[in-house]
Structures are given as C-alpha cells and as structure tokens.
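**Q** Using the sequences and the accompanying hints, generate a full structural model.
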Amino acid sequence: MRRGSASAAGAALAAMVAAGAARASSGLDSPDIGVLQLGRGGAWVARADDPLAAYFNPAGLAAQRTSAHGGVHLIHLAQCFTRLGPDGRPVPPSYTTAIPAPGSEGGPDPEVCAESGLFPNPQVAGTLRVSDALAVGVAVLGPHGVGERKWPESLPYTHPSFGDMTQPSPQRYLLTSLDALILMPTLSVGFTPAEGVSVGAGFIWGTASIDFVNFSEATSAEGGDDFNSHNDLRTRARADDLFIPGFVLGARWAATDHLDLGAWFKWQDAVRAKTDLVIESRYWTAAGVKNEDPCRGESPGCNVTDEKGAGDLEMQIPMEAKLGLRYHRPRAGAARPARASAAEPRVRDPMVDDLFDVELDFTWAHNSAVDAIEVRFREGIPVRGTVVGTVPPNADVPHRWRDVLGVRLGGDFVVLQNLLALRAGGFFETKGQDDADLNLDFHLGHRIGAGVGVTARVGPVDVSVAFQHTFFGPLDNGGKGRLKAVSGSAPSGYRSVQSVNGGRFESSLDEFGMSGTMRF
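Numbering (the numbering used here), first residue to last: 1 to 520.
It is worth saying that the hints were derived from the structure and are not from the lab. Misleading hints may appear alongside valid ones.
Straight-line distance between alpha carbons at most 30 Å, and here's what the computed DSS-like set of lysine-lysine pairs gives [said to hold, decoys possible]:
1. K274 with K150
2. K480 with K431
3. K150 with K308
4. K308 with K274
5. K150 with K290
6. K431 with K150
7. K480 with K150
8. K290 with K308
Bear in mind that the values here come from a model prediction, so they are computed numbers and not experimental data.
**A** Here it is in structure tokens:
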C-alpha cells in the first residue's frame, strides 16, 4: 500500500463542508428558517413582515416598525440507508461466506438508520427604524437543517453458531457522525425611494465549524468490503472557516392595492477551510469487531495519525433567487392603531390591515455549481500503523448536483383583527442529483412539504407557533452507485473497486417552531 487509505478523509471533509453550505433550496434544507415562514410553506418573500427579512428579503425592513425577534425550530430528521450491490442485493460485510450478509438468516437488518432526536435551531433578529423611509436590520441564524447526525459504526447480529456478534456498518464509508455549528450573521438596510416601492441589501458574514467522522478502505477487493484485512481506517476531519462573505438583495413593489411583488437574490463565496486530520488504523479485528488493543504492546497511540492543517478544502455555494406574488384583501374600513411617531406612515401590519393574503413564490438554486468538492492534502503525510501508507494529495469528491427549481404557496387568514391569525402552506422542489450520486451528506431527492401555524398578538408581542412535515423523494440506484471511496489500492487507482453508495436513501423531516416578535 503506497498511498493512504486515510484519504477517505477527503470524502469526510467534502460532506462536512457541504453541510455548512445548506441554504434555502439546496442541500438538506426545506424552504426557509423562521416560524412564520414554516407555517406558510416558505411563501414569504413578498410578505417579509418580521425582522428575519434582514436575510430573506431586506426590502421588507423598510415597512416594519422597530422590533426584536427570537425563535427556535425543534427539528426531527429521520434517515435510513440500505446499501446494495450491483446485483441489487444487500452488500455482505466481507467476501468470505462465514459472516452472514445483511438480511440473511442470522445477519443484521439491511436497513441502517441514523440516530434520531430533536435538534434545536434558533434564530434572533432585530429591526431599527431610522426614518420614515429607512430601516436597518440584523439577523443571526443558521441554515435550515440538522447540524448533528450519528450513524452506527457497527451493527449487532446473532451468528447461527457463535451467538451475539457485531460487524462494521455498511454505510461507514459515507458517514458515521457529523457535528456542525454554522452561523450566518447578516446586516441589512431597507429603503423606500417612492411610495409602494422598497429595496434592500445585506452583507453576510458566514462562519462554519465542523467535526466529521467516516471510514476508508486501506485496500480494495472485488466483491465486498475488505474489513477482514483489518485495514479499515477511521477518519476524523475538523475544519473551520470563520469568514464566508456574501450578500443578499431584495425588492418589494405594491403594484396595486391588492397585489405585492417581491424578489430576492443571494450570493456567497465558496467555503475554503484548512483541515485537521485524525486517522485510526487497525480499527477492526480480522473478525470485523472493534479492536480494543490496536497497538499490541507497542507504544500507545501507535495507530493514530494526528495532523494539524493537513490539507485544504473548497466547495462552491450555489447562488439562489426567489420571486413572489402576494394577493391580499385589505380589511374594509380598518381602523389602524395610533402611530407612535410621524415615522410610522409607511409601516405595514397585515394583522391589522388585511383580512387574508395568499402568496405564490418561485425559487431557483444554482446547484450545478457543485460538480465536485475539492479536497487536497499535503504530499507525503504518513499514516501510522500502516507499512508505507501515505495520504494521497488529491481526494476530490464528485457530487454532480443540478439546479433546483421550486414553487411555494401559502397564506394567512386573520380570524380576529389585531389578535389572531391562522396560516397554512406547502412547497415542492425538484430533484437535485442523479440517484447514482447519492450521498449521506445531503438528500437531494425531490421535496414536498406542508405546514400550518398560528400567531396570537398579546399586547406588543406576536407569539407564533408552527408545524411542518417535509417528505423527501427516495434516492434509489438499485445498487448501481457511482461513488468510490478513496483507497490505498494502487491497482484500482487509489479508489475502491466497488461503489460505496449503491442502494436506497430515505429521509423525512418533522419540525415544530415557536417565536416571539416584539414591536416598539
């Protein structure tokens, strides 16, 4: 083995930073973060009536009072993967016949599922009205996704002869754990140059801190995962990018007394991160059980490679755009509350002014910018615990994403003026990749979602709750995947002989949101 099986760290890093790039219509992200947005199926770009508009349409700030907003989503993501070989059958853990294959008598369940739980995703934002025509907003939020996921490293089963045992999990080359902290602080301004027209712009200072674990093949053999050579490597990659600059642009036009138009565009620089690498060799015994004594009398840590700044990663972040049309029915003869100052005439308040509204949004994400994630390591990094293993300098990971189009429809009905509003909505987004390119970092099957919500006004505070379910169309290549793990095997070009992503990947997302917005 000339070059290190550790290079699957490249795949780990790629998936890791991909998680940091999740946005409104790309990656693992149903429409938008925000409780009002959640209840309307994400159809909000033309309405844009709370401080999160600083990110989602800064033009909406120009029609808001000075206000403060805080909210949280409690997200439950369920994901399962069934790994299949080219013959459409579950992949056995070894090319020997002594170990039961998944789904066979005495073997583990062929479907492997990630641990599920509630992941909290908070948001805070504020709007400061500077004058009748100008407002400033700030929002601190993360992408609408789950920043922590854990898949099993090994699976329990009952051997027909030897009783309770374990074997390495079939998805381990794709993902075993992800822990991400991603923030997108955004400072924006909204301005009204003429009655009924507003424009806005904002600067994004994105940051990402990620910790990712998966496995790689030390050698690759036709017909199965070569863990029986006990050369699989556990790879942990850590990376930080503390400055991912970007900007948002927004516009809103009250075309008639009943029709509003809204538009939004986002651009953000690529993620560029220096990466640290920790590799554990001799991780499994020849029987596929975790090796509790990998050094066997040698000095402690003989099998651990800990390399700071081992390489560099770059991933493009797709541009995005939204166009919204909002029809609203003004409440006849509505008596508006007294204004706090002369700076208030341009302020909109749908819970006071409207009986109901319905919005239709169209979305686009330039996902095709992500053809591959570039992962490059320094030459000659040795892998401890192997004979001559080194990390290969090129560990790029193909993704071959394609552009995503979406449609969202949602609205509010004000049951009690200035007191209570109900909302509902749904969305659809097209498939973002071929089934043969599926990976566990993102699920880019088509997405369908539906949400409901309610807002109660208690004095100056709007209290909102919402629920949304998102269904992901399964990715299923029947075992004919195209993703190869990086391997230490020179005859196969330092990639695994067999694909490691053949199979079926399924996801579903349930979330509950609650928020409060205080207007001054």
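**Q** Would you mind marking each hint as holding or not holding in the structure?
**A** Against the structure, the hints come out as follows:
1. K274 with K150: At roughly 24 Å apart (the allowed maximum being 30 Å), K150 and K274 satisfy the hint.
2. K480 with K431: Answer holds: K480 to K431 is near 18 Å, not above 30 Å.
3. K150 with K308: Holds - the C-alpha atoms of K308 and K150 are around 24 Å apart, at most 30 Å.
4. K308 with K274: Holds, at roughly 9 Å.
5. K150 with K290: Satisfied, since the Cα-Cα distance of roughly 18 Å is no more than 30 Å.
6. K431 with K150: holds (25 Å)
7. K480 with K150: Since the Cα atoms of K480 and K150 sit roughly 25 Å apart, the hinted pair holds (cutoff 30 Å).
8. K290 with K308: Cα-Cα ~26 Å, so holds.
Every hint from the earlier list agrees with this structure, and none is contradicted.
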